[in-house]
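Novice: Chains as they are written, first to last, in this note's numbering: chain A, 1 to 253; chain B, 1001 to 1646.
Worth flagging that the hints you see were computed from the coordinates, not collected in a lab. Only a predicted model underlies this, so the values are computations on that prediction, with no experimental measurement involved. It is possible that part of the hints are untrue.
Said to hold, decoys possible - Listed below are the simulated DSBU-like cross-link pairs for lysine-lysine, each with C-alpha atoms no more than 30 Å apart in a straight line:
| no. | chain 1 | residue 1 | chain 2 | residue 2 |
| --- | --- | --- | --- | --- |
| 1 | A | LYS53 | B | LYS1360 |
| 2 | B | LYS1512 | A | LYS8 |
| 3 | A | LYS4 | B | LYS1360 |
| 4 | A | LYS24 | B | LYS1505 |
| 5 | A | LYS4 | B | LYS1300 |
| 6 | B | LYS1497 | A | LYS53 |
Said to hold, decoys possible - Covered stretches of chain A, going by a simulated chain B footprint (3 or more residues, C-beta under 8 Å):
| no. | stretch |
| --- | --- |
| 7 | 101 to 108 |
| 8 | 167 to 181 |
For glycine and all other residues, C-beta sits at the position ideal for the given N, C-alpha and C.
As a plain string of letters, each chain reads:
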Amino acid sequence: MADKILKKLNIKVWRQNRASEKGKFETYTIENISQGSSFLEMMDILNNELIEKGVDPIAFDHDCREGICGTCSLFINGRPHGPDTEVTTCQLHMRKFNEGETITVEPWRARAFPVIKDLIVDRSAFEKILQAGGFISVNTGGVPDGNAISIAYEDAEESMDAAACIGCGACVAACKNSSAMLFVSAKVSHLAKLPQGRVEAKKRARNMVAKMDELGFGGCTNTGACEAECPKSISILNIARMNREYLVARFSE
Amino acid sequence: MSILNSKIPEGPLAEKWGNHKGAIKVVSPANKRKLEIIVVGTGLGGASAAASLAELGYNVKAFCYQDSPRRAHSIAAQGGINAAKNYQNDNDSVYRLFYDTIKGGDYRSREANVYRLAEVSPNIIDQCVAQGVPFGREYGGLLSNRSFGGVLVSRTFYARGQTGQQLLIGAYQALNRQISMGNVEMYSRHEMLDVVVINGKARGIIARDLVTGKIKRFGAHAVVVATGGYGNVFFLSTMAMGSNGSAAWQCYKKGAFMANPCFVQIHPTCIPVHGDQQSKLTLMSESLRNDGRVWVPKKKEDAVKLQKGEIGPNDIKDEDRDFYLERRYPSYGNLVPRDIASRAAKERCDAGFGVNGEGKAVFLDFKYSIDRLGKKVIEARYGNLFQMYEKITDVDPYKEPMMIYPAIHYAMGGTWVDYNLMTTIHGLYSIGESNFSDHGANRLGASALMQGLADGYFILPYTIGDYLADEIMVPKTNVNAPEFEEAEKAVTERIEKLFNIKGSKPVDYFYKKLGQVMWDYVGMSRDAEGLKKAIKLIQEIREDFWKNVKVTGEMNNLNPELEKAGRVADFFDIGELMARDALDRNESCGGHFREESATEEGEAKRNDELFTYVSCWEYKGENKEPVLHKEELKFENIKLSQRSYK
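Just chain A, with the same shape it has in the complex (with noise of 0.2 Å):
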């Protein structure tokens, strides 16, 4: 099955030098782009095209390019990951795009993910939150036997769509309150889900939301746009989940 070939696109992006710099988008036109060949594949003969022109490249987070690290993070055409669904930036294919089409491709738009340069943003925010308490606190060594403590197959598989998480950010891209709470509740059910976890669950999840809070991320309206955009499905069912925990949690002060 050979490929289609797209004979001309035309990308429309955001450029920006650097987060004190201001930012404006740019168009550059490209031709000859395999349907076959990933977004972020057009996005490197793009920028190896702009090299050749002496144009500083489009400089865009990616890593594995499999679709789980999470490092990908481009909104195109007004959707985090693109028009796509259940995926990643750079699970994105070109035959999602038509001939002639202009493809708008901007940054991820949140106060707690400011650009760092151009389509680059800094989600170090997440990371806050996660040391706040997204964590078992168990040492190396002195554990019991991996099958000390049975868990029911159900718990497991519920813990593990929750773990599924990549961090990539899309809930807050895709929330128009810049909404952290499909984000956070994943790592709060993950580990709430298991016994190991049980344990800490009220405090991890006040620890957690009240980071949440400082950092500048809005809050939950219910529109359910992060689990409709989220590459990895993770349902807004957590959120539900979250707010129990936290609830209990200030009750229980």
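Since the structure of chain A is provided, determine the placement of chain B on it from the hints.
Specialist: Here is chain B on its own, set in the frame of chain A:
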């Protein structure tokens, strides 16, 4: 016979690690607080080491080039992690895991290291469960296992097709906890560009802040390099785009020997290359070979029709399908080790039986398992992999077989380390994929995760104490020492040199050329003539690079092109050393196949008389030939035999 001292403890194999732990020095809690350790890289090895060392009380500084430690490429490991738990009652044991690993590595690894790896493997699973890793479970609530290539038992633990992700998140959570407690200073978006050696001891690193472009100095009492493998020297590989060999290469240039650099693994089940716009290859987990059957057409005319797109795989009847792995290796079938499966695929494709337009693909078919177990079961086992395959290829693998082809995946070779995981530079350690120690000439599936975590959780935290116990009176490293001054100057000059070339071609132009040479001559099949040619070609491309590369942007700003230029510049040197090493090793073993050394049936033929050694390369300076030292491998417990998976 050589200056290398592997420090393998005396005594019976099963008692070596225990005796060694008893014999090595320990640092008191009060003194640990005075000592600083730098850990570079935050994959399974680096994150687990940084967290464990900080828990012990050391002051740790951790570095990664990614924007978060969670993004290290360990995250992409899919299928699972081995451990000798024998939960399945299928006669698994520490000895069996040890034996499988030595045999799988084609008898080119150290017995003592591999035995220790098998010995600590059960602890890893316990640790991960305690951290909240949601491993797959049976309905009764106990941990579930699957099988992997090269073994006859089920000892692989998994979290769907995202085992690496879940294990890394476990280690990352432990790391985050130590960061929040102030025991680890985390430097994300920082890239190590040199190691600083003072009076023969590693005392720190030079790193570039990738956001501001600033060159910074960091001092410590010991440095741990956990920066993974150098597979990206091939341009197209399953590695992350940023994965590189530069940190290890700087260590090499400062005196750490590189061991077995020619041993790289070619993974049999990757999505085939399409066209010429591709930037990387995607792996499909080895676990798929549990339930998928590999085949090509029996008749050449069917293959030709497939290549032309005139028929589809489902048009070929069962009796016209050649399940070549089952045919050639009846006892292991589709679960032969990776090197063997890869070569068998290449053999069929070279013979004209390839099934895609380029003739470079074979089928991995789930029809038989779906018929036997139902779609639901297959979906539960491999759902995310099937989804990934469909997104990339636009083909539904529930309805049509997957197309796969071998690709570069892992580096067994790496920095030489002794039993304590210390390199030939005192106080410089190398762990995980970046060292050479456990996998010989071929790594078994699900063993990379095991080794990374074994090193980081259970080996390095013990062995590093033996060195640091003598450092307790040493004050904090002075980063204004002349050695730091010099190293920083060299790093800055190299960056300026790259900018000043002002040539006409982007880095990728040279990088792709290098990758092609590596794949053609230092890839799945090698011979003396080709390797000599490769060395010459690499030298030519490198010369061209240093004359004609164009690096845009600013030094004092975020600049991905500059980062890439530095890494690719090192890949030329790494590639050349790999070719030299492959040329020296005139035998076939594991992933290293020399055409001059094959059996009549085309299987790899080892030469134990001449090559039962680890090749250790010593850097002698720019444009000088490196010197080869040999660490002889002694097998006291296992009898060497030609591998057979028939």
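Novice: Would the pair LYS24(A) and LYS1505(B) pass a check requiring their Cα atoms to be no farther apart than 30 Å?
Specialist: This hinted pair holds, its Cα atoms lying about 27 Å apart.
Novice: Please check whether the stretch 101 to 108 of chain A has three or more residues whose CB lies within less than 8 Å of a CB on chain B.
Specialist: Not satisfied, violated; 0 residues make the cut.
Novice: Is the straight-line distance between the alpha-carbon of LYS53(A) and that of LYS1360(B) 30 Å or less?
Specialist: 35 Å, violated
Novice: Are the Cα positions of LYS4(A) and LYS1360(B) separated by 30 Å at most?
Specialist: Holds, at about 20 Å.
Novice: CA of LYS4(A) to CA of LYS1300(B), is that 30 Å or under?
Specialist: 28 Å, holds
Novice: Is LYS1512(B) within 30 Å of LYS8(A), Cα to Cα?
Specialist: Holds, at roughly 24 Å.
Novice: Decide if the proposed pair is consistent with the structure: LYS1497(B) and LYS53(A), CA atoms, cutoff 30 Å inclusive.
Specialist: 21 Å, holds
Novice: Using a Cβ cutoff of 8 Å, are there at least 3 residues of the stretch 167 to 181 of chain A near chain B, or does the coverage claim fail?
Specialist: violated (count 1)
In summary, the numbered hints that this structure violates are 1, 7 and 8.
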